[in-house]
Amino acid sequence: MSTSWGKRHWCGQPAALRASRMTQALSPIGRGHGHAKLILVGEHWVLDGAVAVAIALPSLHTTAQFTDHACGCAAVTYHWPATLAGPATALAMQMANLACEQAGIAPAAIAVESTIPIQRRMGSSAALAVALVRAAADFSQQTLDDATLLQRARTLEDCVHGQSSGLDPAAASAAGGAVLFANGQIVERLPTVAPSLSTAFWVLADTGAGQPAKVAIDHARLRRQALPADDYRYWFAAVAVAAEGTAQALRSGDVALLAHHLRAAAATLQPLAIVNESMQLAMQVLSKAGAVAVKPTGAGLGGVIVGLAADATAAAAMTAAAAAAGFGVSQFRVASPASFSVGVYASV
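Counting the sequence shown from 1 gives a position; my numbering is that position plus 13.
Misleading hints may appear alongside valid ones.
Label-pair restraints from in silico Cβ distances [stated by the list, open to error]:
(1) Q261 to G339: 28 to 38 Å
(2) D231 to Q293: 15 to 25 Å
(3) P241 to A121: 49 to 59 Å
Derived from the structure by calculation, the hints contain no laboratory data. By construction, the Cβ of each residue, glycine as well, lies at the ideal position given by its N, Cα and C atoms.
Take the sequences, apply the hints, and build the full model.
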């Protein structure tokens, strides 16, 4: 059955905050936004301080709006496509209340809209965190520097993951391009990638909702801790090489170099055992259809598989093959994340 990644909406009143209104200059409306992301290098290893690379997907986004007047909603509600399950209302409200506490505000109503599919490892929680923090700051007429934005958003995302690296909010807060991240800090932002990569495409095969991210994170942590010391050092160093190589390829526009380092990045996830059978099948399908590199993205144990197509012909073949295998499929140009196509041609 065909479907599409639709929008989610929720609105409601943070009751815990309504009891005490703050006496400060407030805007009648505060707005904020965050984007989807894809991690290209360094999943899980980034929690140990390794360098990671992620790209922003600006065309998939979450927006939050804080208002000083009631929105008319009797209760918090979520609206998702039938194939997707909404996040827990209590968790979303916990994040919203925390964003209000950080900014010292008590808005009458909060509304959120998102086009980011949940539990697909595309940063839906990070985008929500960034959007809420930005909306709260806008409502209270605060100007946030990058460090404060990321610190606040990371605190919100910890509600979901238990322990987050900060990488996802760093990518979710970007206007586009890529971000290099290590030791809880942004190493470098690449606002754009080389125009010559516009002939290449990312093809995403959706294997369905993954297990809760915290489950995958805890699983991978135990796997890393169980590695012999020499093996751990080897893989940790391999992540660094793949990250720098990927960044260089994005700067220079070298598709072959990008493919090489994405394959290396995929190899660093093998000892963590975060690829389930459906993900393995998606990787095989994309590879056989012409992908020059395939890898999981994000926490794993479900979600999307990323395939790199060298050109439009390969992208079309990969899309058709993945759809025929029953996976949801989307694609966008490597050098133009804003052109992301949200069409899903088949559903799992």
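Consistency of the hints with the structure:
1. Between Q261 and G339 the beta carbon distance is about 36 Å. The supplied range of 28 to 38 Å therefore holds.
2. D231 and Q293 have their C-beta atoms about 21 Å apart, which keeps the hinted 15 to 25 Å range intact.
3. The beta-carbon spacing between P241 and A121, approximately 57 Å, falls within the hinted interval of 49 to 59 Å.
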